[in-house]
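Got chain A; can you put chain B on it based on the hints?
Line by line, the protein sequences are chains A and B. Heads up, the first sequence is in this note's numbering, so the first residue is 1 and it goes up one at a time. Heads up, the second sequence is in this note's numbering, so the first residue is 1 and it goes up one at a time.
Be careful, since some hints might not be right.
Straight-line distance between alpha carbons at most 25 angstroms, and here's what the computed DSS-like set of lysine-lysine pairs gives [unchecked claim]:
no., chain 1, residue 1, chain 2, residue 2
1, A, Lys-300, B, Lys-265
2, A, Lys-309, B, Lys-246
3, B, Lys-4, B, Lys-265
If we take Cβ atoms under 7 angstroms as the criterion, some of the chain A residues that face chain B in the derived model are [as the list claims (entries may be wrong)]:
no., residue
4, Gln-205
5, Phe-208
6, Leu-240
7, Leu-256
8, Glu-260
9, Ile-276
10, Ile-283
So these bits of chain B aren't anywhere near chain A, every CB distance computed over 12 angstroms [stated by the list, open to error]:
no., residue
11, Ile-6
12, Asn-20
13, Asp-70
14, Gln-205
Calculated from the structure, these hints are not laboratory results. A virtual CB, placed ideally from N, CA and C, is assigned to each residue, including glycine.
Protein chains: 2
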Amino acid sequence: MYRKEIKVLDCTIRDGGLMNNHKFDDDQVRRVFRAVNDSGIDYIELGYKADEKQFKREDFGPMKFCSEKDLERIVGNTEKKCKISVMADIGRFDPNDVIPASESYVDMMRVASYVKDIDKAIDLTNTLKAKGYEMTINLMAVSHARERELDEALEQIEKESGVDVVYLVDSFGALYSEQIAYLAKKYKSILKTREIGIHTHNNQQLAFANTIEAIINNINYLDGTIFGIGRAAGNCPMELLLGFLKNPKFNIRPILQVLESDFIKLRQDIEWGYTIPYMITGILDVHPRAAMKLRQSENKDDYLSFFEKLTSEAEI
Amino acid sequence: MYRKEIKVLDCTIRDGGLMNNHKFDDDQVRRVFRAVNDSGIDYIELGYKADEKQFKREDFGPMKFCSEKDLERIVGNTEKKCKISVMADIGRFDPNDVIPASESYVDMMRVASYVKDIDKAIDLTNTLKAKGYEMTINLMAVSHARERELDEALEQIEKESGVDVVYLVDSFGALYSEQIAYLAKKYKSILKTREIGIHTHNNQQLAFANTIEAIINNINYLDGTIFGIGRAAGNCPMELLLGFLKNPKFNIRPILQVLESDFIKLRQDIEWGYTIPYMITGILDVHPRAAMKLRQSENKDDYLSFFEKLTSEAEI
Numbered sequence: 001m002y003r004k005e006i007k008v009l010d011c012t013i014r015d016g017g018l019m020n021n022h023k024f025d026d027d028q029v030r031r032v033f034r035a036v037n038d039s040g041i042d043y044i045e046l047g048y049k050a051d052e053k054q055f056k057r058e059d060f061g062p063m064k065f066c067s068e069k070d071l072e073r074i075v076g077n078t079e080k081k082c083k084i085s086v087m088a089d090i091g092r093f094d095p096n097d098v099i100p101a102s103e104s105y106v107d108m109m110r111v112a113s114y115v116k117d118i119d120k121a122i123d124l125t126n127t128l129k130a131k132g133y134e135m136t137i138n139l140m141a142v143s144h145a146r147e148r149e150l151d152e153a154l155e156q157i158e159k160e161s162g163v164d165v166v167y168l169v170d171s172f173g174a175l176y177s178e179q180i181a182y183l184a185k186k187y188k189s190i191l192k193t194r195e196i197g198i199h200t201h202n203n204q205q206l207a208f209a210n211t212i213e214a215i216i217n218n219i220n221y222l223d224g225t226i227f228g229i230g231r232a233a234g235n236c237p238m239e240l241l242l243g244f245l246k247n248p249k250f251n252i253r254p255i256l257q258v259l260e261s262d263f264i265k266l267r268q269d270i271e272w273g274y275t276i277p278y279m280i281t282g283i284l285d286v287h288p289r290a291a292m293k294l295r296q297s298e299n300k301d302d303y304l305s306f307f308e309k310l311t312s313e314a315e316i
Numbered sequence: 001m002y003r004k005e006i007k008v009l010d011c012t013i014r015d016g017g018l019m020n021n022h023k024f025d026d027d028q029v030r031r032v033f034r035a036v037n038d039s040g041i042d043y044i045e046l047g048y049k050a051d052e053k054q055f056k057r058e059d060f061g062p063m064k065f066c067s068e069k070d071l072e073r074i075v076g077n078t079e080k081k082c083k084i085s086v087m088a089d090i091g092r093f094d095p096n097d098v099i100p101a102s103e104s105y106v107d108m109m110r111v112a113s114y115v116k117d118i119d120k121a122i123d124l125t126n127t128l129k130a131k132g133y134e135m136t137i138n139l140m141a142v143s144h145a146r147e148r149e150l151d152e153a154l155e156q157i158e159k160e161s162g163v164d165v166v167y168l169v170d171s172f173g174a175l176y177s178e179q180i181a182y183l184a185k186k187y188k189s190i191l192k193t194r195e196i197g198i199h200t201h202n203n204q205q206l207a208f209a210n211t212i213e214a215i216i217n218n219i220n221y222l223d224g225t226i227f228g229i230g231r232a233a234g235n236c237p238m239e240l241l242l243g244f245l246k247n248p249k250f251n252i253r254p255i256l257q258v259l260e261s262d263f264i265k266l267r268q269d270i271e272w273g274y275t276i277p278y279m280i281t282g283i284l285d286v287h288p289r290a291a292m293k294l295r296q297s298e299n300k301d302d303y304l305s306f307f308e309k310l311t312s313e314a315e316i
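Pulled out of the complex, with its shape left as it was, chain A reads as follows (with noise of 0.2 angstroms):
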């Protein structure tokens, strides 16, 4: 598939650092950095913007608050090809206090949504815009959502905000690929003036092949992370993204490298990917809040009665 439009955002760090408090050296994020940089990958996302009256530095890795001092370690020398990206999460920093986009290493800030809250997302978003920033919104959860409050929330977006780019995001790795087909021809026939790009999670070894899915149906903006890693069963392989397009200006090796390095020993630290409570949590389409539990018990693979307990749930 060779699509000039197509953008393709890696969000190992940022995503992968829900599994461990952000808790990578600077030496780990640098490499990270520089072998997507190398790879013709459009955007790195490092992190987030959260406030450091909220939060405290040593409970977390730099790459929680990404201040432009985190980021001048990241960067250093390195000839800066690829744009950076952060998450800006609603109520978790003050706006006001963001530098122009022009004095900053941030390229992109993503402003993650629920549908209820989209009020607030788009008000965020236009705030940042006017600082230069290129915006998305990346609707959470839409597995959950009410078809006519999604439809309204997209048509606000289309009407009332300047964002550049609305993400659909599977977040509990529920969606089948004709979802996926339904939901990307809805999101591009409301949003007629804005790109959409995907973010899949992997509870049904199909964030892959939605994302392809989404490709099929114009969706230009491509979520993925080095093998895979980020919360839970993660996110879609950005090794299997780049062997499926076909844009020359993509090279794996600097990915395989680096997979090399760095992500099987980490594999071995901390716990991301298929397992079968977060299949069970993505069957059943729900917050994969409660495998994440059990994976952290004695109880991790007691596979059966986490299926009776979440089910029996389920039906009251």
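Relative to the frame of chain A, chain B by itself:
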């Protein structure tokens, strides 16, 4: 997806046996057999028909041979609700030695064949069909078949064989869903009087997605294995397939139970599933043997040099 014609075949013990020379103990095979039997799955494939003059008993587990005595030890007093399948490889046993289906535990035999060996496959299939067995031909490595030769083989099967089901087999885990859809339509259009089956490999994490694509394209015989066990990157995970199929006859619980009791331990003893070397052979559409050799070596995680080696070989 509920279509009453859909039949699910579990080949956990057969395809998994390729990773350990079929050295499962009888107790383990019995636990898998009972789980599959209780879950509403239509067929279980336990192993191979292999000639004891060609292969020594002491080099393999019993499911390499699947004699009536071997199968009797597995079925025991269990009420047999699922049918039993074995693979019957061309030249590995004498079809004249096979007893009639009415006297055997075996209900179905599957003949794996490359397109070029289709004459032999049809001959073997017809001999065994005459003994009363349900028969399939599994056309391997279809991603390497020349299109005209594939068309001719399918026409020949339709005209000359008594086979019940013809399987589309993505041996190298190289096919994307669009290609599965294209081939499924081809198989359906030529094999007008036969059922079609699908057997996928998970090199690109597409085994489940491609099985769904096959279902959408009216393929009715679906192969899966518990936790995706199978050679190299493994197969379509049965637990995902049962989560997708809506026919109330299927029950995922016995599969979750045997996953818990047996497959976590088994995965520690033998390796299968998505790894970067298998991903690389999948993307390059080549046999996984080079990756299997790498995974047995000290350099099992040298991804970049493996990629460079395979791509420079491919250029010659």
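Query - Restraint check, 7 angstroms cut-off on beta carbons, for Leu-240 (chain A) near chain B - result: Status holds, d = 6 angstroms.
Query - Hinted contact Ile-283 (chain A) with chain B - closest CB pair below 7 angstroms - result: Result: holds, 4 angstroms to nearest chain B Cβ.
**Report entry** Satisfaction of hint between Lys-265 (chain B) and Lys-4 (chain B), Cα-Cα up to 25 angstroms
**Finding:** Cα-Cα ~35 angstroms, so violated.
Query raised in the report: Taken at face value, is the distance from the CA of Lys-265 (chain B) to the CA of Lys-300 (chain A) at most 25 angstroms?
Result: holds (13 angstroms)
Report task. Could you check that no beta carbon of chain A comes within 12 angstroms of the beta carbon of Ile-6 (chain B)? Result -> Consistent with the label, Ile-6 (chain B) stays out of reach of chain A, its closest Cβ about 16 angstroms off (over 12 angstroms).
**Report entry** Distal placement of Gln-205 (chain B) relative to chain A, Cβ over 12 angstroms
**Finding:** Given that some Cβ of chain A is not farther than 12 angstroms from that of Gln-205 (chain B), nearest at about 5 angstroms, it is violated.
Query raised in the report: Can Glu-260 (chain A) be said to touch chain B, with a Cβ gap under 7 angstroms?
Result: For Glu-260 (chain A), the interface hint holds, since the closest Cβ of chain B sits about 5 angstroms away, which is under 7 angstroms.
Report task. Over 12 angstroms to the closest beta carbon of chain A is the bar; see if Asn-20 (chain B) clears it. Result -> holds (21 angstroms)
Query raised in the report: At a threshold of 7 angstroms, is the proposed contact between Phe-208 (chain A) and chain B supported by beta-carbon distances?
Result: Interface hint status for Phe-208 (chain A): holds (5 angstroms vs cutoff 7 angstroms).
Report task. Under 7 angstroms, Cβ to Cβ, is where Ile-276 (chain A) needs to be relative to chain B, so tell me if that hint holds or is violated. Result -> Where the cut-off is 7 angstroms and the nearest Cβ of chain B is about 6 angstroms from Ile-276 (chain A), the hint holds.
Query raised in the report: Under the criterion of a CB-CB separation shorter than 7 angstroms, is Gln-205 (chain A) in contact with chain B as hinted?
Result: holds (5 angstroms)
**Report entry** Status of the Leu-256 (chain A) interface restraint (C-beta, 7 angstroms, chain B)
**Finding:** Holds - the Cβ of Leu-256 (chain A) comes within 7 angstroms of chain B, reaching about 4 angstroms at its closest.
Violated hints, listed in ascending order, are 3 and 14; each of the other numbered hints is respected by the structure.
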